[in-house]
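Engineer: Residues per chain, in single letters:
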Amino acid sequence: MEEIRNYTMNFGPQHPAAHGVLRLVLEMDGETIVRADPHVGLLHRGTEKLAESKPFNQSIGYMDRLDYVSMMCNEHAYVRAIENLMGIEAPIRAQYIRTMFDEITRILNHLMWIGSNALDLGAMAVFLYAFREREELMDVYEAVSGARMHATYYRPGGVYRDLPEQMSKYRESPWHKGGDLKRLNAWREGSMLDYLTEFTNDFPARVDEYEALLTNNRIWKQRTVGIGIVSPEQAQAWGMTGAMLRGSGIAWDLRKKQPYAAYADMDFDIPVGVNGDCYDRYLVRVEEMRQSNRIIQQCVAWLKANPGPVMLRNYKVAPPSREEMKNDMEALIHHFKLFTEGYGVPAGETYAAVEAPKGEFGCYLVSDGANKPFRVHLRAPGFAHLSSIDAIVKGHMLADVVAMIGTYDLVFGEVDR
Amino acid sequence: MSVINETSLVERLAARFGDMLSVNVQRNEVTAEVAPRDLVAVATALRDEAGFRFGTIIDVCGIDYLGYGKAEWDTDTAQGESFSRGVEGQAMGRFTWEERPRQVEQQRRFAAVIHLLSIELNQRIRLRVPCEDDAFPIVPSITPIWPGADWFEREAFDLFGIIFEGHPDLRRILTDYGFVGHPFRKDFPLIGNVEVRYDPEQKRVVYEPVSIEPRVLVPRTIRNDADLDQARAESADHWREN
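Protein chains in written order, with my numbering: chain H, 1 to 417; chain R, 418 to 659.
Calculated from the structure, these hints are not laboratory results.
As the structure is a prediction and not an experimental result, all values here were calculated from the model.
Even for Gly, the Cβ is constructed at its ideal location relative to N, Cα and C.
Warning: the hint list may mix true and false statements.
Claimed, not checked - Reference listing, derived: stretches of chain H covered by chain R, where coverage requires no fewer than 3 residues with Cβ under 8 angstroms from a Cβ of chain R:
| id | segment |
| --- | --- |
| 1 | 205-219 |
| 2 | 365-372 |
Claimed, not checked - Calculated lysine-lysine pairs in the DSS-like style (CA-CA distance at most 27 angstroms, straight line):
| id | chain 1 | residue 1 | chain 2 | residue 2 |
| --- | --- | --- | --- | --- |
| 3 | R | Lys487 | H | Lys54 |
| 4 | H | Lys337 | H | Lys54 |
| 5 | H | Lys394 | H | Lys221 |
| 6 | H | Lys169 | H | Lys182 |
| 7 | R | Lys487 | H | Lys337 |
| 8 | H | Lys304 | H | Lys182 |
All chains, please: the whole structure from these sequences, using the hints.
Structural biologist: Set out below in structure tokens:
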């Protein structure tokens, strides 16, 4: 009889289900995984070292490019770390704006996740549905910051500018005209907050659509129920956070347990799973979208009723207005120093974490009093999650590895940094 | 993180570990410095014992204190040289691989920093483990205690060259296969050492020394005039309205 041996297989980095640039070296016994060894770092850009070479504010844009589907949450961790060290706090309206955009970001992220995860497991349609709503929310990003993805909107001391009074509209063109144009602009007559009101009223029905496609779908359940079970003990020992932890039944959410921004005033629930398998994590994330929708509604109502400053008036941190610069020598000097030299951050160290859509995204910041950070370390949830893959997929079939990579919600921008 | 009752954690740490830890609290964040030889005992106790219960490893990272507190441009006295990109020196980002500083002296240059979280008790702690030997920084691994530390330690090894003794599989993780050096050390050039391109003649990817020039747009400054204190005083005084 011929000798049967394990063989080694390369999964990625060019595989469509590898979510970017994961190279996974699998040792297989037939179709069963014996060992999974991910090789990461193909997208390593040295963000942390680059941040050490620049004034604090110039690195905010790098944060967007870490987890490039939950941009503003990354910025939030970084600016919170700076604010901690400086001992400043953003005005209340800025806190609500940040809360609202964190939740918009969460929906954006989960839509991307549900679409790509379903696509990995063979359901094409969900992706198209999810991108319909993603487009609407990206318009909100664009309206507020000018960029659809890499917004660089949060600043230490607040946010860059207040919400726009007028939501951007489609103009008539050979592609958008007549009834089509009218439909596209139906929500866009008023301010951005009016647009979000319309969106949030509509969104639960859209989530029902995704659920109709997946929740009771026989194939979907065959691919996810009982696959990639993570026990609560495992989840903690491997440093899992976010939906990976909640899917295993631990009701841990920084927004509730260690509230930041305006989360202490928000009314929302934390969904938890029971079995800790891929299906439970799917249910948790879908419910999180509904809860995020609720939070956005509360923020919109508050923001409509409470105008006010969105940035500190401390010119050592925040630039003065153009108008003021023209009339006031002090303001001109402040502006000049802020943009040529930046601001000094008191010496010390801090760790600021936010509940990013993928889990706990933290920023460990060490300053020696200079205008540039001495050390920035970014704690990416995906990095901790992916490190557990060998322990979780051992004994699973090859196709289940794809389900597992999908359920980790990996983005290599943050894993590789 | 105001929900956490830090003082009691600090008291519990002092009662349990005594001189093994030097604890300080800044902005409600508890930092404990622990010697490498005590790390495994302390970490095991922090994970298992009532009152600590740090079941979740959040982060392990390296840090290189070379050049801590050094500025490139003097702000205390008037000087002939202006604040500009013309500042010269060997600070980070200003040297190439060939010109990198080779004789550096800094006491206790490297440290590993560990962040732990207790989900049960909703508390956090930061452990700093200084490496005693600068030429061969070594600390014990905590991967046997929290398996999640595995990749974080590999990352700190890769980027800083800190050896984690007892780690089951201490390989490079983020840098390229066959990479030379530890890129996040302060004496490693910001521009890197090699670049790759596809060579159509040899029909393969080739490695070459980097062709870009080091360039720093904003010099590193430390101001002792306490910008923020001044700003706070000014805003209390409403100087703009005066």
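Engineer: Against this structure, judge whether each hint is valid.
Structural biologist: Evaluation of the provided hints:
no.: 1; hint: 205-219; result: violated (count 0)
no.: 2; hint: 365-372; result: holds (count 6)
no.: 3; hint: R:Lys487 / H:Lys54; result: holds (15 angstroms)
no.: 4; hint: H:Lys337 / H:Lys54; result: holds (15 angstroms)
no.: 5; hint: H:Lys394 / H:Lys221; result: holds (21 angstroms)
no.: 6; hint: H:Lys169 / H:Lys182; result: holds (10 angstroms)
no.: 7; hint: R:Lys487 / H:Lys337; result: holds (20 angstroms)
no.: 8; hint: H:Lys304 / H:Lys182; result: holds (25 angstroms)
Violated hint: 1 only; the structure is consistent with all others.
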